[in-house]
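Engineer: The primary structure of each chain is shown beneath.
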Amino acid sequence: MKHEFAISIRNASKSFGRLKAVDDISLDVHHGEIFGIIGPNGAGKTTTVNLITGMLAPDNGEVRTLDLDPIRDERRLRDVLGVQFQEANLPAAITAREALKLYASFYRNPRPWTGLAEEWGIADKLDTRFDKLSGGQKQRLFICLALLNRPKLVVLDELTTGLDPNARRMSWELVKRIREGGTTVLLVTHFMDEAQQLCDRIAMITGGKVAAIGTPEELTRASSAEREVTFTAPPGFDYLSLAPYGRVHVDGNRVTVRGGEFIMADVAMTLRGQGIAPPDLATVNRSLDDLFVDLTGHQIQEVA
Amino acid sequence: MTAFPTLSWTETKLLFREPAAVFFTLVFPFMMLLIFGGIYGNDPANGWNGLGGMDISVPGYFAMIFGTVTLLSIPIVIAEYRSNGIFRRLRATPLHPGSIIGAHSLINLVLSALGFLILFVGGKLLFNLMTPEKPFALVLVLILCYVAFAVFGFVIGSAFRTSRTAQVVGNVIYFPQLFLSGATMPREMFSGNLRSWTEWMPMTQMANVIKQAWHGQDIANGSIVYLLVMTILGSMIAVKVFRWE
Chain H
1 MKHEFAISIR
11 NASKSFGRLK
21 AVDDISLDVH
31 HGEIFGIIGP
41 NGAGKTTTVN
51 LITGMLAPDN
61 GEVRTLDLDP
71 IRDERRLRDV
81 LGVQFQEANL
91 PAAITAREAL
101 KLYASFYRNP
111 RPWTGLAEEW
121 GIADKLDTRF
131 DKLSGGQKQR
141 LFICLALLNR
151 PKLVVLDELT
161 TGLDPNARRM
171 SWELVKRIRE
181 GGTTVLLVTH
191 FMDEAQQLCD
201 RIAMITGGKV
211 AAIGTPEELT
221 RASSAEREVT
231 FTAPPGFDYL
241 SLAPYGRVHV
251 DGNRVTVRGG
261 EFIMADVAMT
271 LRGQGIAPPD
281 LATVNRSLDD
291 LFVDLTGHQI
301 QEVA
Chain A
1 MTAFPTLSWT
11 ETKLLFREPA
21 AVFFTLVFPF
31 MMLLIFGGIY
41 GNDPANGWNG
51 LGGMDISVPG
61 YFAMIFGTVT
71 LLSIPIVIAE
81 YRSNGIFRRL
91 RATPLHPGSI
101 IGAHSLINLV
111 LSALGFLILF
121 VGGKLLFNLM
131 TPEKPFALVL
141 VLILCYVAFA
151 VFGFVIGSAF
161 RTSRTAQVVG
171 NVIYFPQLFL
181 SGATMPREMF
191 SGNLRSWTEW
201 MPMTQMANVI
211 KQAWHGQDIA
221 NGSIVYLLVM
231 TILGSMIAVK
241 VFRWE
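Same order as they appear, the protein sequences are chains H and A. Numbered by our numbering, the letters in the first sequence go through residues 1 to 304 in order. Numbered by our numbering, the letters in the second sequence go through residues 1 to 245 in order.
Chain A on its own, in the form it takes in the complex (with noise of 0.2 Å):
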């Protein structure tokens, strides 16, 4: 059977045929790697704790990318294959069902890592962007967002009728936590209260792990209890919520 890998491959196609998507993974994180290294720099001196401006900032970006992705793509493109009669059609075939979620999980992970690579290399390049400390931890923490962000994809794109909805929906959980999770804005800066406020945000759990591997320090076992945690109950709900039709 060669169903699964054509499967991925034309729905690869599919994405870059739909430029948002494709500009908010691998363009838009570029620019702000530019932008904000251009300000800021990444001399550890001018930085915090001896890290410079981008080691603090590209980790984050990288939870900014699987949000992107996963709140953003995910929830629009199940929600329209569903409402549009695409699943049915796909449904009347002997493709296993999973296929179609393994699918769209699989490529959207993919693109994340292009965007990971470009981030890290034009980081490299340019302003000497630190290399991850624990490289390993790092890549296992990293499945472990994807995965728990991908089930509430997935969850978001099942439980509203239309794709506009999921889209909305997908948008309001979103933009707050991008600028409130430390993913784009360092955490540092915020009030006391703000910062508590913020701290449970699963952004904030996300963006705190990538760091924590990439600087060397120490995973917080509550994050990555969090993470679990919302992976088992997302994955709860997205079976009780996902429909074919």
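Chain H extracted, bound-state conformation (with noise of 0.2 Å):
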């Protein structure tokens, strides 16, 4: 039976004395999707992922994942799932090859290491101790790892956390590789650009609930009717002209008009009529990170 859901979260909860890490959560991972998982630190990310890899029993609700429960068929989840904890590690001492080749005997039918070791660029680390292996080099060691067992879903845990930009944008490539060979990806990041990039749909988390769900288009339409758009003007522009359509802020001879669905029109039109057209009339998209800050109060990238 082709099971509908790569994961599926029906009203779970999971409390630590009076914490309540994840409370009645549900959601849909979709094969095939990249699917994010975002919120600021102790949002309940890590518990929710627990849930959803059998690391946690949940206390109420039900957790299914590739069509197991996590708990009851843990031994058979452990063969199909692929994972990159942010809080898992290897030995210091153990070089890349023998992690790989250790992590290879689990499993009964694993995919080559050394194919794998090429694929992902540490095939000249092979030899090297695990903690002289750099933070990138480590990345890719544990997402060979994530893969060795030909995963149908991969969960990937602050993937990105305390590496470079560069080495970043790098792990982006990587995570679209692996969606493009049919695994599902579940991507947990408190990296709003990250989830914008990489993901086909995201949830929002925080306070243990689920604040908002849906594609990163859906999610920064649907946090406000409101549009904005800005321009430099020229000296000595009227902006009174264009006060009838929507506020004006004018900071220097920055322009920004805050309105309707017909901002852009009406201050088009406007500028049209004076002979003005500024190079850099533009509307501004609403980030992620603005709506996380209207459906939480809170900004939620920390200093990188």
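One or more hints might be untrue.
Lysine-lysine pairs mimicking DSS-like chemistry, simulated, CA-CA at most 30 Å apart [as the list claims (entries may be wrong)]:
1. H:K209 <-> H:K176
2. H:K125 <-> H:K176
3. H:K20 <-> A:K240
4. H:K132 <-> A:K13
5. A:K13 <-> H:K125
6. H:K176 <-> H:K132
7. H:K101 <-> H:K176
8. H:K101 <-> A:K124
9. H:K20 <-> H:K101
10. A:K13 <-> H:K138
11. H:K152 <-> H:K138
Keep in mind that the hints were calculated from the coordinates and are not lab data. Quantities reported herein were computed from a predicted structural model and do not represent experimental measurements.
With the hints as a guide, bring both chains together as one complex.
Structural biologist: In structure tokens:
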């Protein structure tokens, strides 16, 4: 039987003492998509991942991962699931080669690890100890380990935390490549740009609850009916001519007009009427960051 | 499945990259043999009860080796693997959790056996060390001692948050016993009070039964019961306190 969802969570909760780490979460992840879970530290992302991967049992509700009960069918799930955990590690003195050989021995039909190492660019680091690998090389080794069992679903928890911007962008390409191989990807991150770039759909989690769920476009569109137009005004520009259409904000010669869905057309017509054509006339897309602030009142991004 | 042999072999290689553990199991006991054998020799005439100095000391060094691997090596590895997330990564694979405990138990036993072999062959060649009188009983006694102490190693490794704390606790339990149990210094030298106070320490019991089997004496039933109780109690605590994360 072909199951409908790669992951399906129904009203799942998990508390630690008084702390409700996950509070009545429901979400579905389709096969073959890159699904993002985003939220600030302490939002319940890792607990959600632990529920999905069978590291924790929910107090209430149902979790199905690849049509298995992650707790009851734990062994079977381990066979078909790939994980890269945030707080997981390898012994300092183990070499990349030894780690790949060791983890390959855990599975019945592993992918040849030599091919994986080549594909992910660590073939020349096989005899390097784990603690002598760079952050990016460690991440790529962890991805290789996560892919050894030809998983149907890969969970990547804070894949790019601690990487420099260049390495982050490289990891994004790698994640896209995993999906091209037909594997569903669950990407957990606190970087909004990462989620926006990579994910087909996103669940925003805050305070243990799903605050919003959808494609990046849906989320940014749904967040506000208000749109925004900006341009650089020529000297002597009559700001009041725009006042009938929306709220005008002037900062030096930089003009921002906020209004309804026709604000762009109204501003463009008005400028046309005055014979002004600012080269930088543009609508501002609301970002996921803006949405997050709207939903939670908090800024998500930490100082990288 | 080749998981268990691969895991054991990988952990063995990692163990040998940690020079301290190997030194205190393989090299240090042999140095003791050379130094004290050099000082006291192994002439029964200078010894006690018809046994030479090394005939008395080497069974104690066996207890020292077991003490080192179970109270120093195992707790550090277990605590480190848990606190660093190495267990967390392993747990996400189909590997049976028991395999990890099994592999660490096995390789430390094999390492100890290697230490025993070096001591025995060295002692035989250099000091004409006596051959164990009851070899079969000695093997059984050694296995019992190892299991009784190894479960406590897992308890120490599991009960404390960091490998640093586990290491300190292991040291505090190990070093007084190293000197007071007869593993290194003959308890025959102790005053009456000190002797009776230290009689019921775990390592004294271990050193005693190894000596008894080696020297062909009757093995004290009380000591066997003591070690069995340690094993059962230790296993029950270990199951309670063991955590993957």
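Engineer: Run every hint past the structure and note whether it holds.
Structural biologist: Each hint tested on the structure:
1. H:K209 <-> H:K176: It holds: about 27 Å lies between the C-alpha atoms, which stays within 30 Å.
2. H:K125 <-> H:K176: holds (23 Å)
3. H:K20 <-> A:K240: holds (25 Å)
4. H:K132 <-> A:K13: Holds, at roughly 17 Å.
5. A:K13 <-> H:K125: holds (18 Å)
6. H:K176 <-> H:K132: holds (27 Å)
7. H:K101 <-> H:K176: holds (25 Å)
8. H:K101 <-> A:K124: Distance ~41 Å between K101 (chain H) and K124 (chain A) Cα, so the pair is violated.
9. H:K20 <-> H:K101: violated (40 Å)
10. A:K13 <-> H:K138: holds (20 Å)
11. H:K152 <-> H:K138: holds (22 Å)
The structure fails hints 8, 9 (numbered hints given earlier, in ascending order).
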